[in-house]
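If you want the building blocks of each chain, they are given just below.
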Amino acid sequence: MQYMKAGKGGMLDRELKKGSAELLILSLVETQPRHGYEISKLIEARSDGALSFRVASLYPLLYRLEKRGWIQGRWLEKAGQRRRRYYRLTAAGADVLASQRSTWRNFAAAINRIAGVEPV
Amino acid sequence: MRERNDIAEEIAQHLEDRYEELRAQGLSHEQASRDAERQVRHLARELNAVGQVVPGPPSRPHDPIASLWGSWGSIWLDFRYACRMLAKRPGFSAVVIVTLALGIGATTAIFSVVDGVMLRPLPFPKIDRILMLRERTIDGRAMSVSWPDFQDWQQQNTVFDHVGVFRPTSVNLTGGDRAERLDATLASSGLFGAMGLQPILGRAFSEAEDRAGTDRVAVISERLWRRRFGGDPSLVGRTIALSGDTYSVIGVMPQGMRFPSRLTDVWLPLGLFVDGMPPRGAHPGLTAVARMKAGTTLERAETEMDTIAQRLAAQYPASNKNTRVIVTPYYEQIVQNIRPALVALTCAVAVVLLIGCANLANLTLSKSEARAREIAVRAALGAARWRVVQQLVVESLVLAAAGGLLGALLAAWAVRAFVASQPASIPRIDLIAVDLRVLAFTGVVSIATALLVGLAPALRASAPDLLTTLREASRGTAGVGARRLRAALVVGEIALALVLLVGAGLMVRSFNRLMAINPGFDPERVVTARLMLPEKTYPDRAGWTRFHRELLRRLGGVAGIEAAAVNSAVPLEGGGSEAPVIKEGDAMPTPDRPAATTLFQTTSPGYFQAMGIPLVRGRAFTERDTADAPPVVIVDETLVRKVFGDVNPIGKRIAFELAGGHGPHAEPRWREVVGVVGHVKHYGLSVEPPFVQLYTPIEQLPTYWQPRGPAMALVVRTTMPARTLADVIRGELAAMDRDVPLYGVRTMDDYLAQSTEQQRLSVMLLGGFGGLALVLAVVGIYGVLSYIVGQRTQEIGIRIALGATRRDVLRLVLGQGLRLTALGLAIGLAASIAASRLIASLLYEVSPRDPATLAALAGLLGAVALAAVAVPALRATHVSPIDALRSE
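Line order of the protein sequences matches chains A and B.
Numbering-wise (numbering that gives the first Met the number 0), the first sequence opens with residue 0 and increments by one.
Numbering-wise (numbering that gives the first Met the number 0), the second sequence opens with residue 0 and increments by one.
No wet-lab data here; the hints were simulated from the structure.
Glycine included, C-beta positions come from ideal geometry on N, C-alpha and C.
Accuracy of the hints is not assured; some may be wrong.
Which chain B residues stay away from chain A? Per the calculated CB distances, all over 10 Å, these [as the list claims (entries may be wrong)]:
1. ASP5
2. ILE6
3. ASP209
4. PRO426
5. PRO522
6. GLN608
7. PRO720
List time: in silico EDC-like cross-link candidates among lysine to aspartate or glutamate, alpha-carbon distance up to 20 Å [to be verified]:
8. B/LYS535 to B/GLU301
9. B/LYS292 to B/ASP138
10. A/LYS40 to B/GLU15
11. A/LYS40 to B/GLU19
12. B/LYS535 to B/GLU549
13. B/LYS680 to B/GLU636
14. A/LYS77 to B/ASP16
15. B/LYS125 to B/ASP114
16. A/LYS77 to B/GLU15
17. B/LYS680 to B/ASP748
18. A/LYS77 to A/ASP94
19. B/LYS582 to B/GLU636
20. A/LYS40 to B/GLU20
21. A/LYS77 to B/ASP160
22. B/LYS651 to B/GLU671
23. B/LYS320 to B/GLU583
24. B/LYS641 to B/GLU572
25. A/LYS40 to B/ASP749
26. A/LYS40 to B/GLU36
27. B/LYS87 to A/GLU76
28. B/LYS535 to B/ASP138
29. A/LYS40 to B/ASP34
30. B/LYS535 to B/ASP182
31. B/LYS641 to B/GLU622
32. B/LYS680 to B/GLU583
33. A/LYS77 to B/ASP244
34. B/LYS582 to B/GLU671
35. B/LYS680 to B/GLU577
36. B/LYS125 to B/GLU331
37. B/LYS292 to B/ASP114
38. B/LYS125 to B/ASP244
39. B/LYS582 to B/ASP521
40. B/LYS641 to B/GLU583
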């Protein structure tokens, strides 16, 4: 299943991407609730365009994360704007995020050690 | 809990955000749209490849109601979604619901009247077999039935199971706290069989009771039995006092026996009166009613009655030469007067509802275009076309349900107020109510409305041309198809509104003509009431006359009474007796050379003054016109014209009492004409049978009235309110005779209002519907023109940029609006002329194609439509080319 299209130079494994996509979304809604378009813009911006979501991938993923109880969406209407659905991290989602972060950290550290890449 | 619709909305917003961002970065509309399309195409492909990423409606474990309903769950979800969507747009929803409530409410109210009057089955079994029989002259004038003729019909016919005869009358029920006047009917035994109803208690009349010398027996109504006798089953066999005589009650008829009127409480056997029946050729107020045998047709019954009438004509040429029979189905007779008005009103209300639907279809169309992108994305997400249609139709249904509910409440309130006003011109008024039948009708109308309003836009909006829709939606322009549909709706609305306005306008004109009629008397401050003297206490002329004279003497002394008199009839009430009239020197009338027919009344001195009837010539009656004085008569102007021509009639002699009946041996009783009065509209404002009129003094009763005079009407010109006056009169009556009831206390203004009541109601309702239609049509054309101008803002901006003047722009937009209006008016005029037959029978001295009315209302509608078109047109001239282009 393809969630992200490969950006310039980004050649990530499917499994890796799947796990990383969830990690990215959970991270982005950790500090404040965000809506779908904002999430996709942030991923694109913070990865300098290396990563970007397709519409067809983002929303079903958000749906699934919500169904698992990791995030919660809520329609909010702000004055002068159309209503948007904002997602925030749930307690369960925070646990998952913590464990995924440590997995990723270990994983990335292992790769770095083997490949001899300088730590960022 | 997430729903498919939520995701669709999120994705649609995402695409919009993306589009706006790309445009902000300086991409052209096409480039930005292409990006959105690419995303959607990808989306569709991906979803198809992946399968159901977003679960479909059937499995929805989170919503207990939806899963309970299985595959119906999708409708439940649509319902909830619809409620949310409508709550989000309260203005739109309110406009729609109020429009629907008005349309559906009016339709429901009119239907409840139609249902009560025409559709609800009457309680008589096999009512289509019940016929009313009357006699008529060969040239078509209706008469009551001659008693000997009826007896021959009874013996000779082979088509009826039962045939009976009746004559309405009234009786005084005494023996309680005070005398009570009841509607009664003299009836032969066949009447009950003809109506097909059995008594709930005791028995009806037998044939023995049709013959002279029968016992005094009575059948009473269930209503009277419960009201006055507490529903006591032992009443049968006991006696009651009616008009001073003792009658034994033999039976109680069920509630449904509202015959001949819904107020009839007592039936008395005809046998008590057959001795007094006049000979063949006289028509003593009898009507016959018959029940056809099974399998007999109306045509066959008519043919047979005609055969019998011709046989009698051959047998008794002196009296029956020109006599035939009128056969009317009973049901027809009940509804025939009201039907044209009800049909016209039903059509009118349907037109209002249609116009409302057209408006709402337009609104929904605009809304569904605004939502086209959301719908397109949902389609892209794999929603089947029918699911999208279902969603939109469910939304319409929710609106229609709300409108229907509110409409039903409106109708219930309106109908209650209507029934409470007791319009006398509506038969079976007590059966009119908003009940389950009517509510079922309302439900059907609401659903039909929802489908009418929602289906066409829904089908259009769900058109599978996804890319076009997305592109158009993002640009905010409508397709050609939608524009045509919109234009057609406006043209239809204007046409329908014109038809309705013309109908209302014609009714108003007709009503004005009617109100301008001079009734021939001065109704102001005149109160009338009826008196009935029991025959037991006042058996002859002397007592009868003495009573009236004494009553008038007492009333003459009351302060606040300007004039008081009695007369044998009340103008506009329609009752009365007619006879042929000749002047001295004329030959006696024969069936071949009939004389003029005159209405005759008998009146106390002072009647013309009390009623305000102008004395044109000669003198009024005085106290000196006693039984011993020479017989005199006062005639009206029509009698003078018809009988005397240009000759001054004062001092000449006429006769309308042709003793011995028709023929050369008749012996006329001559009376000298002493005065001429104005003609009075006796039978109603707009009805004018070809009868002339004359009056005799109260002490010189016409010979027709034996052994004493008829029930008289008291006529008082007073400064008192009617109710106070009634109390005063009742007080005087009680001092004279406690058993004489006073009833039917009414002002002449009241009679006048009642005689125009049906027209007044029709005018008010049709006028109301016409106004409603006008408002709806104007709102419709304004909405559409505004929308079109909004759509063409960019085009208009370019035109202005290219040098078009304000006037050019004005002409452009006005032209478009006026073309639609003109087309609507043309179609409406044609339709009005085509529909004129429908309303013709309701009009008085106004042609249903009255060119002035047609032109005036087309002009009015055109002018109002022009005003509605002018607003968006003027707005268009203020379009700034820069803004218009930027807004793209």
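Practice task
Against the structure, test the hints numbered earlier, and report the numbers of the ones violated in rising order.
Solution key: 1, 2, 8, 9, 18, 21, 23, 24, 25, 28, 31, 32, 33, 37, 38 and 39
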